[in-house]
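Residues per chain, in single letters:
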Amino acid sequence: MFNFPDPTQAQLTKDGQLKHFLDIEGLPESLLLEVLDTADSFVDMSEQQVKKVPLLRGKTVANLFFENSTRTLSTFELAAKRLSADVLNLNISTSSTKKGETLKDTLMTLEAMHSDMFVVRHSDSGAAHFIASQVTPNVAIINAGDGRHAHPTQAMLDMMTIRRHKGGFKHLKVAIVGDILHSRVARSQIHALKNLGVPEIRLIAPRTLLPRNVEMLGVKVFTDMAQGLRDADVVIMLRLQKERMTSALLPSESEFFKLYGLSEEKLAFAHPEAIVMHPGPINRGVEIASSVADGPKSVILNQVTNGIAVRMAVMSMAMSGQVAERAKKLEAGE
Amino acid sequence: MQIKIAGGRIIDPAQNIDRIDDLFIIKGRIAAIGDAPDGFVADEEFNAEGQIVCPGIIDLCAHLREPGLTQKGTIASETAAAAAGGITTLVASPNTKPIVDNTAVAELVQDRATDAGMARVLPLGALTQSLQGEQLAPLHALASSGCIGFTNGRYPIDSSRVMLRALEYAATHDLLVIFQAEDRALAAEGCMHEGTTATRLGLNGIPSAAETIEVSRCLILIEETGVRAHFGQLSCAQSVLLIQNARERGLNVTADVAIHNLLLTDEEVNGFNSLFHVIPPLRSQLDRAGLRQGLVTDTLDAICSDHQPQDAISKEAPFAATEPGISGLETLLPLSLMLVEQQLIELPQLIEKLTTGPAKVLGIEAGSLEVGADADLCVFDPEATWKVSEATLKSRGKNTPFINTELKGRVTLTILNGRPVHRSS
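Residue numbers (my numbering), protein chains in the order written: chain A, 1 to 334; chain B, 1 to 425.
In isolation and in its complexed conformation, chain B is listed as follows:
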């Protein structure tokens, strides 16, 4: 199949391209930017005038819920949502039922994703068996069967000895470990940021120290073992400083942030709206400012959706009794574009945080429009507005506080491996 994408503003941070031009795809690969290759005859031509053409978005954190929690989402439903959001690669969390701590589950996830054919799914494996923080999961076998990295999620590894050994073992095989830092004792019972709003509402707070203590412990053990390490979904300004400081000491660590932590604060929880119940929690204005600064200084390498679809009943209870999480795949791009509108960063830098940034974190060859690369790309109209609604969200999770909100920036075409997987007019 040969596709021409005509007249769009092509932004590819990996090649430092930002110009209006034509892009040509032949047999699943980027064939040329600029002049058509010899003998090119388009099977399909897409007019991208006034639109942005960029590499497909790579999302570092998405919960797909399959196997085991399909009332909240399936690999088919959530990858369709990804395609609608311009996301062509996503990293799937291991806390399904059963957990991704054996090769059978890792393979099942990939097989289902291949069958659905809507996005590349890179599963994360559990760092410890059953995520219990006691015995190592079969890391090498899991990596051989396709796991891109390893995490214990927010399930604690209380024993620093177990943590040290897990990192040593991962380092032996040059495996990537992803931390979602949270100290169990300090986070216990908490459901929102510990601050003025939690005090007013009488909700149990999660102090910032719950994150920063664990980030500090992990950094020390990363330094000790030399493991390839990444911090996912940081929420505190202080965490950004800890990462920055570690890098200045020469430590090779990366970090990302969820888009909602860049835009919202704990004040939104006023009125107990459970759609704002997320973990890590929305934090203070100072934290939000620190995270935004971290993006500008490149201490934070990527922005992710931290997509956590929930069924309706999981959100229908008093705040603390609800399940945390925001369904975020379809709003990742338009919400991220707000950072450009607010003049925090330029559009090419934003695209980098959504494409080459996460690709570097994972150490994969994706997120670029280089000639010869897999044709994964996203075309969007930065000026088009649309209203988020339950009816139009493809994700099974309708749990987003942005429901009924008008957002600017609409994905018009998503191409995966040279094949259109989503289009809208």
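Only chain A is shown next, with the shape it has when bound in the complex:
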């Protein structure tokens, strides 16, 4: 009826290269595999004595964290430094927004510092898209988590972990368990698993923690752990926030653990070779038993290691997309 601009192409150049990394949805399998392959090459490198490559030499990366996160911030910082970039960390949650400055004003100030890349974490869904729509064309935006919407680098490091343990995606049954409703990680994981060709993606949660029409994302929904975990190759547990108990979503932590917490008994429903993942930080005894978190099937710590490599991959790819686009514009005389 109307020809409104297509928003799904915001993160790609005209040639299909990454220029921002906002969201997994809409990214083709080939591009996701390129991220994983590039990340693999960085893992090999980080095992060497000299851990730096000059891919982002002379570039300035600003980490804009409107929401606190020591873990994610430090892996992004380390990733940028290993790419030889200059890094600026801004913890904005405690400064400008409290003084009533709008997000747009903050961005304009930061742009004046001539950054080449913003790594953004924000509590509002769509914040990274908004920022990408506002900055000058030459700044790459990496989404480090926006509201409940997306956490694409977390999802890609999870994909990397899965591929390293399972060798591929096309034969897998993957179960995601817990608070899907509030989870940006789950949303990005679903898109990544789907675009990489995983034939069966399952969600396991009570109805109060499942968003409306979630089946439309191409997943199977279970409310029972025994059925949902049956024969699963990968079990991804999500963090459960304490405040879910006070907002009438769940009666108690103990009831949640009893029904949906990953104990060794419940894990026995999964495939014998199954791996257990968690984006962290974990709540022992709420969504996962300590014996499982620390057990032989857990790959939770591998996830952290892979996080740096994936972030290096995404940052270098987005930067080269920006450079290529700029060169093309110069050539075209724009």
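Because the hints were derived from the structure by calculation, they are not lab data. Careful: at least some of the hints might be erroneous.
[Said to hold, decoys possible] For lysine-lysine, the following BS3-like pairs were computed, each having C-alpha atoms within a straight-line distance of at most 27 Å: (1) A/Lys-14 <-> A/Lys-194; (2) A/Lys-104 <-> B/Lys-398; (3) A/Lys-194 <-> A/Lys-266; (4) B/Lys-387 <-> B/Lys-315; (5) A/Lys-104 <-> B/Lys-315; (6) B/Lys-315 <-> B/Lys-394.
[To be verified] Computed footprint of chain A on chain B, listed as stretches where at least three residues anywhere in the stretch have a Cβ under 8 Å from a Cβ of chain A: (7) 183-196; (8) 304-317.
None of these values were measured; they are calculated from a predicted model. Beta carbons are placed, not taken as given, at the ideal position from N, Cα and C, and that holds for glycine.
Put chain B on the given structure of chain A with help from the hints.
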């Protein structure tokens, strides 16, 4: 002043007129259709060949922002936008600063509108003081000073006892109450329709039940009190069925829908474009189909713009943090004409939904080209296309998702009380 509008296709649903003819205006009133009255000498003649001549549009919901929010719009700027959109009468919302809950503000709004002279402005009064849903506003005094009806907008009246009493009091004085139905608890924190798109985008949804529960509660209390009642800007298919059902039981209620809810769905929010942030939200395809059906079956009496001008900064933030609303006065007619192009309804029926339909809702004598009536009319070229742009929009609010869109149907002449207030070639 004597004006002749020559050779246009005159459509007046109130009189069942649809023919090519001449129309004559003398001293602010419709003097004749067809032959010129004796001794008529035109001060001005307007050639309307190939164009439609119809009663001036009556818009049941427009936020004019004055007093208090003039960075978003003023009565002068927004009534100029109305004139450009062929709208000659508009109903203004009471949630200004200060709120229209006392006669001084009600009079101020009307005085400013009279000074501007671009459109008739009928203010709505607040149903409760400060729209807080606790104590009654001075309804009788407000009505005496010109308020056409009363609403609490989307500010909740949580207490059903307060609601019942407000309706009883309004019924005592035969006052019209307008509901913009929304259950506070279910709508809380939501910024778009709760459905697949909200799930994908991770945005808090407003379930359809937020509207239908409140429509149901209001219908029960309307039946209890017999108050004159209207539902504004319905967004759910289920709400249309509830209204239809109530009418079948004999309840005298009316309802309208905003034009964007007839054309767009929640899928537009993809990409987080804040110009699609409206309350009530754009809903599912099924809801849109239900609303369109409601128009065809006359369960919905009118189409409105739900005009909500915003300044730029109100839309420049992540989606949920932006202010809702679409600036809609100038696009109401061309967007509505799409319903004819899509063969949902015929042109005369559409004109009815924009003129006599809303006039009946309000119980006013307007929206007709009858001889002797106030000469409020709109002439438009149904084939002319134009591009919506910031530069040409008269409204202070440039917040429309139709910006840079080509629309078909252009108002060429708007006459208010026998005086041209807008013309374009």
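Hints versus structure:
no.	hint	verdict
1	A/Lys-14 <-> A/Lys-194	24 Å, holds
2	A/Lys-104 <-> B/Lys-398	18 Å, holds
3	A/Lys-194 <-> A/Lys-266	25 Å, holds
4	B/Lys-387 <-> B/Lys-315	21 Å, holds
5	A/Lys-104 <-> B/Lys-315	11 Å, holds
6	B/Lys-315 <-> B/Lys-394	18 Å, holds
7	183-196	holds (count 3)
8	304-317	holds (count 3)
Violated hints for the displayed structure: none, as all numbered hints are satisfied.
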